[in-house]
Every structure is written in C-alpha cells, then in structure tokens.
Amino acid sequence: MTDFSTLLLRAHAGFLAALILAPLIPGIINRVKSLSAGRQGPPLLQLYYDLFKLLRKGTVYSSTTSWVFRMAPIVSLSAAVGVLMIIPCTGASPALISFQGDIILFAYLFGISRFFTVTAALDTGSSFEGMGASREVLYAALAEPAFLIALSALACLNNRISLTQIFSAASENPFSNISVILLVAVTLAIVLLTENCRIPADDPNTHLELTMIHEVMVLDYCGPDFAYILYGSALKLWAFASLLVAIILPVRTGSFMLDSTIFIFGIFAISAAVGVIESIMARFRLDKIPKLLVAAAALSATALILTLIRG
Amino acid sequence: MKLLLAGFFILMISSFIPLFSGKRSRIAALAVAAGTFCCLLLSAGVCIDSLFTGNTFDVSYRMRIPFASFALGIDPLSAFFLLPLLMLSTLCAVYGVSYMEKKNSEASSGASWFFFGILVLGMSLVVVARNGMLFLIAWEVMTLASFFLVTHDNQKKSVRKAGWIYLVASHIGAAFIFATFAMLGRHSDTLDFATFQTITTGSTISTALFISALLGFGSKAGFIPLHIWLPEAHPAAPSHVSSLMSGIMIKLGIYGFLRTLTFLGDPPLWWGITLIIIGASSGILGILFALAQQDIKRLLAYSSVENVGIIALGIGMGLVGISCGEPVVAVLGFAGALLHVINHCIFKGLLFLGAGTVMHETGTGRIEELGGLVKKMPATGICFMTGSASICGLPPFNGFLGEFLIFLSALFGVTTSMIPLSFCSLVVIISLALIGGLATACFSKAVGIIFLGEPRSKCAEHARDPDKAMLVPMIILALLCLFIGLSGASAAMLTCTAVSEISGLSMAACTTGLKTAAYPLTAIAMLSSLLIILGGFLFTLRRSTPRGHIETQGPTWDCGYAKAVPRIQYTSSSFSQPLTQLFAFLLKTKTKLPDTSATFPEEKSFSTETPDIWQEYIFRPAVIFFNRLSAVAASTDTGRIHIYILYIIVTILILLMWNFFR
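Order-wise, the sequence lines are chains A and B. Numbering (this note's numbering) for the first sequence: 113 to 423. Numbering (this note's numbering) for the second sequence: 1293 to 1954.
Mixed in with the good hints there might be a few duds.
DSS-like, lysine-lysine: derived pairs with alpha carbons at most 27 Å apart [to be verified]:
hint, chain 1, residue 1, chain 2, residue 2
1, A, Lys400, B, Lys1394
2, B, Lys1448, B, Lys1882
3, B, Lys1880, A, Lys403
4, B, Lys1394, B, Lys1668
5, B, Lys1882, A, Lys403
6, A, Lys145, A, Lys165
7, B, Lys1750, B, Lys1884
8, B, Lys1448, A, Lys400
9, B, Lys1882, B, Lys1896
Note that these hints are calculated values from the structure, not bench results.
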C-alpha cells in the first residue's frame, strides 16, 4: 500500500500530465485524418502553436455583446479544469479531489460551461450562433441522460459511486461483465463524439456557418479568449477519453510510471480512433442525431438493467 | 412561543392598517412590510432553536368552534417552512412597496396590501397549526387572500378568468383536504394533531388518507395534472405576489403532504413509487411546457411545476428507502427534497421579482419582444442570470445541492441489490438527468433572449434598473443563492431534525445518513471556490497577455453582411423549436401556417402556441359536462311556490316510508 503523500504526488502528476498533454489530442485526430486522406497535414503540435499565437493577440469584441460574452471562455475553461480535478487523469493515479457521487459533478460541470457558452452565443445577436446554441442544447439534453445512466451502470457494476474507486475497481477485476462493459463503452463513445462536436454529430471542419453546431457558437471569439476555448475543449476530450480508457483498457502492471504511460497511450489510441471515424464516416442528418442519442440512452439503460438483474 | 404569538398579532394589526390608510398607499405598504419583518424577527429565535435541537414548542387555547382548538406549535418541520416563508414575504413586501406605487392603480392598492398581510398570516398559521379545524380555517384564509391578490387587476378579462380557474382548482383541492381531516378526525375522535392515533400500515384508511392527501395537497403544490391553475394565476397576479405564491405558497402543499405522512406510520412500497412517477412526469412535462412558452411568467410557472416534481422525486426516494429498509437512501432523499424546497423558494422568488421588473420597465412579458436588457438594466440582469443558473442546478449555486442529494440517494439506491429500490433509483436518475438538460435549455433561452443580444422591439428601449427598494430584495436573494451553494454541508445538516421527523428515523440514523453526504458537499464547495479563484486567475491572465489590454469593437460576424437588424436574431420559439419538435407528441403545439400558394408573395404571418393539454383535453370537457348536468338540474327549479311545497311533501313522505319499512 502506498502512503498518502505518494498518492497525492501521483494525483498531481496525473493532473499536470493531462493539462500538458491534452492539446496533443486534436493534433493526433487531425494527423490521422490527413494521413487517411493522403495528405501530410498539420504538425502534431499544431494546437500548442495556435494557443501560443492566440495568447499574443489582442481582442475584437462585437459591440452587441455584454459581460456574459467575456465571461464564457473563462467559465468553460475553469469547468474543464475542474473536471480534470475529479477524474483520475492517468488511470493509475487517484483524482485530486474524490468523493461519493463525483460522477454527478462531472456532468454538471460541463453543464455550467454549456450554459455560459450558449448564453454567450445568444449574446452576439447573430442568427447563426443562435442556431448553433439551439442545436447544442438539444443534443446536450439528450446526451446527459445517456451519460449519467452509463456512469450509473458502471457504478452499479463496481458497486462504487466515485470515479477514483470505479477506476481502480475496474482494473482490479477487469471485464467482470463483458456485455455490460461493451454496452457502456458504446454509449460513452457516442456521448464522447456528440459532446466534443465530432463527426457524426457535428463537423468541426465544416466551412459553412449554417451547418456548424459548436464551432458557430464561438465564431466571434478571437485572441486569448479563443485560446481558452480551444484549450478547454482539448481538456474536455481528455476527460471523456479517459473514462473510456478506464473501462476498456484496465491494465495494471503495478508500476505507476508504466501504468500511466499505458493509460496515456490508450487516450491517444482513442483520439486516433476518433480520427478514423471522422475519415470514414459522413456527418448524420440533423434530425438523426437525437435518435442516435436516445438509442445510446437505451443501450446504457439496458446495461444498467443487466447489472441489476445479475446482482 | 409567546414571541411567536406576539409576532402573529403584530402582523395581523399591520395588515389592517392599509384598510384605513386611504390613498396613502406607501404607508399601507410600509406597514405590511414592517409587520412581516417584525414577525420574522420574533419567530426566528424559536424556529432556529427547534431546527438545531429538534425541540418542539406548543401552545393551546380553547375555541368555541366544535372540534377546534387554537393549538399552535413549532417543530423542526414547521420551522423549516416558516423561516423561508417569512423571509421571502418580507423581501416581496419591500419589493412591492415601489412596485405597486408605480403600477398606479391607487384605487385598490389598500385592499391589495390588506390581503397581502392576511395571506402571509394565513400561510404562517397553516405551518404552525396543530389542530385540523384551525388548519382548514388557515388554509381557506390563505386561498381566499391569494385569490383577491391574483384578481388585483380585475378590469382585465384574462385576469378575472385566471382568478376564477384558481378559485375553482383550489377548492377542488380543499375538498380533498377536508376529507383527509374528516377521516383523521373520525379515526381518533379528535382533530388535535397531538392526540391523533397511529394508523396501521396497509389498512384501508391509510390508503384512503394517502390518496386524498396526495390529491388535495398535490393540487396546491402543482403536481401534473392538478397544476392547471399555476400557468393561469401566476401571470395574472402582480409580480411580488406571484413570487410569494410560487416561492412559498405552493410549497405549503408539500408541507401539508409531509405533515400528513407523519400521521400515517410506515409507508408501503407503492406510495414511494407513486410519488416517483408523479415527480418524474411533473418534472419532465413541466420543463417541456416551460420551454415551449413565449410569456416569461407562464414559463416560470411551468418551471415551478418542474421543481415541485423534483421535490416529489426526493420524497419518493425517501419513502421507497424507508419501505426497503435503507435509511441512508431515505435520509438523503428527504433531505434533498427539503433542501430543494428552500432553494426553489429563493431562486424562484428571485426570478419572479426579476420578471416583474422586466415587465414593469418594458411593459411586456412576451419574450419575443425583448432583448439586450442586460446593458440597460445590468443589476437586474446579473440577478436574473444568477437565478437561472441556480434553477438549472448548476454548481456553485444553491440549486445544485438539493438535486445532488437526490442524485446521491438514487446512486446509493441503484447500488443496493434490492430490485424495486434499484429500479426506482434508475427512474429517478433518468428523469433528473433529462430535467437537468431541458432546464438548461429553457433558462439559457430565457436569459439569452430576454437579456442578451439586441432589443427586438421598441419596448426594451427605455428600460433601466429600478430603484433601490426593488433592487435590494433581488440582490439579497441572488447572494443567498451563491452563499447557500458555497456553504457546503452545513445547509444539508440543517435538514437533519426535520428529516428525522418526517421519516420517523432516529436522530442518530439521520445524522449518519447525512454524514455520507457531508464530505461530498464540502468537497464540492471547496472545488467551486477553487474554480472561482481559477476563473479570477484566468481573467487576470487574459489581461496580462502581451496585447490583452487591446480591445477593439466591431460588428457581430454575419457572413460579411454587417448591416444586420435586430429582427435577424434567433427568436425564443426558433431556439426551442428542435426540442419542441422532438416532443411534439406530448406538447401538441398549435401552429398557424400561412397559405403560400399565391403566385406573388405578399405579407404573411406565422404563429405558434402551446396551450395546456390537460386544460384543453380533460378539464374543459369536464367543465362543459358539468355545466350540462347543472342545466338539467336547473329545470327542476321552476320558481313556483306550490311546486316547492310539493317537493317538500314528497321528501317527507319518502323519509317516513323509509323509516317505517326499515
């Protein structure tokens, strides 16, 4: 058993690793996409360059906007950092803050960042941004039940209701119930793609304002504000990916460094998988996505009922 | 206890002052506000004592009415409702002072203030009454006083209609409450709460009592489908009154129901399941209808239905927890419900006051006509935004606490291996998650369309922040939202004594149950404070970047089309259209599409409206049916005396024969 100070150190190490490595994820996704399209593509570290460049710029605000517009990037980045504080960022390390029911806070922290992003979009007075905001709340309202049911199924399977304990229980007896884990993994994958505005729910690279969802809501941001938003969404991707890795790659060798390395590579593998999905799939028609999300919720509810019945 | 009585007496005296103040409405208003405040101060001591220690205080005087006694008492449950009641009443009264003055309908403002005082008095008596007859009298006083307040603007036809619906709905509910107390009284031959005999679990009378209390108190609380008066009465009433009605009066339905539960002994499993079903349907349908509304106060009224649904989910988890023998689940469920009662009182009170200010300054409550108000009235905007974030249950505001406790209760429930409890918890988790997502949609729309963007019509042009008397109550409530949200476990621990009273569990069991939530809540409060500090840091960081201080103003990006007019903005109905479309099978929104078959385009209009489906499809046909029935009955009423004498003779004959043959 490792003592408390070592655990605390590991928690900090994991948290810092996530903060530093998260901007790699979009880089990996883009690299996979460009490779499969036969292009060389932007460098892996592109987001780091972008963030650095954006932080050195001034800002232009629309004269329609108010303080809400200025506050939203700060709130959404803080909320994303908050989520990384309550999840075990590199699997083997405990979370910085862990308590019973922190899975609920996971969902609600993204809730507050969404509330501000959406109101900031309406603050610009642009009809495109209003449209994006309207679609965002539609998807979120349906993704949230799917996500929370999936997490409850995990909680029920491992008989624990805090993320740190779920992560460690998942690695102690991996694949205790393969069908449930499979169903939950599919749900989490769908939620990951939707919440992070990826194909098939949203296309981050689309060139027409009318068809964007998340990207259109941040059209009017520039400079440091935009850097916050980009960084926040990279952190969000890390948070969702680490949930998936924890249940489908529950490897424990006993060595903290090795476990963390495997976990981080797991996250990069998920990013690559997102890149593959984006390369081989087209975006769904708008009215098909609610059906996808309801299906995801049904899958996770099945998973939960399966766990309940097996006891 | 003496102080409490003195407080009630002062409140009563002060409510009669407006009747004699004539045209000096300011004196009337100030008298009532001061009376309520005195009452709050005088009763605070005994309430706080009871909440912290679990002590009960009683006082009883004889009355000349049969079965009645003037028995009052304070126990943790009463104290838990009385404190927010008097606090919100004081703030609403202060807000009302200048609100009513500006409404300039001096003619009846004296009467309005009289009824305001009487309403507060009636509500307080409901909470502390310890005798069935006294409770019913107070209940009627409360209902009638609020009816006269709702119909304050009685020159308007819509207001008279709303008042009428409210009066009928309240009295149908009251009939069931009468039945509840009649059954209780018959069972124990007394109407004093202290001498009620215990009722055996599962007996017919306990079932009958549960159902009639659920219907009676549920209609006041606004459970679907008994909620129909809420979306009518709230928009009709002056804002400080709707704030009081939505903030606390509908909670007295919850109070009455919880009080009845304490008479009924151990609950069978189906009671909890019933409440979870009611809570889930009220919550989801309430917020869906709120989303589809175009009137700010109707939106808030439907959102009250949703929040009462959340409270019912918590009570349901509590009841199921008790009947399954899981004290932790039960305690967390009840505590979540109680905490949400207080939190909803604060943020819904705040939102109605904010809505009142908006309507007052712009002269319209239609969301589609507003916009950009945050620049004209910044303080109101911040308060309204705080209330909205709270009502969505977002941390670090207070709305999160109650929902978190209910979630935690459901998560504990789902991980127990008991199938009924686990399934109930599953339903609670799904509905709370869906409600949370939809509430965010609904209130980001409310804030975004009303306060942000550009003004959509001329109404919003001359708006500005109201004077201090209206602003200060809102600011106090907004600060309370944040303060309770950051208070961590202490707010939850305050519910301990009241939870013990409702659930019948020992104080030790309740403390243990709440202790499981204490660490999470403290951790959340800590994390929230950390994140607020982080936000501050990010703000300074943005300023201190090399060109961070350079801010240029420009137009909003509109694909290169820089001469955008406000009408181009997304509207409230277009914002909610994807969700209302998805749930069209429940909402039955009526759409008037223009005819576009003409060869040349001409001016067309398009409109949507989402009326209440229960009113349209259940209550309206029922009323029509009863009207026809009454018409048939009326045909026996001929107006000729000899026919009436004939009726009397026939009745006497039948009675004699019945007696003879028996």
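The hints, checked one at a time:
Between A/Lys400 and B/Lys1394 the alpha-carbon distance is near 51 Å, which puts this suggested pair outside the 27 Å criterion. About 25 Å separates the Cα atoms of B/Lys1448 and B/Lys1882, which keeps this hinted pair within 27 Å; it holds. In summary, the hint linking B/Lys1880 to A/Lys403 is supported, as the alpha carbons are separated by about 20 Å, within the 27 Å threshold. At roughly 19 Å between alpha-carbon atoms, B/Lys1394 and B/Lys1668 fall within 27 Å of each other, so this suggested pair holds.
Using a Cα cut-off of 27 Å, the hinted pair B/Lys1882 and A/Lys403 holds, with the two alpha carbons roughly 24 Å apart. Under the criterion of a C-alpha separation no larger than 27 Å, the hint pairing A/Lys145 with A/Lys165 is consistent with the structure, at around 24 Å. About 25 Å separates the Cα atoms of B/Lys1750 and B/Lys1884, which keeps this hinted pair within 27 Å; it holds. Restraint check: the Cα-Cα separation between B/Lys1448 and A/Lys400 comes to about 46 Å, which exceeds 27 Å; the hinted pair is violated.
Under the criterion of a C-alpha separation no larger than 27 Å, the hint pairing B/Lys1882 with B/Lys1896 is consistent with the structure, at around 17 Å.
Consistency note: the structure conflicts with the earlier hints numbered 1, 8.
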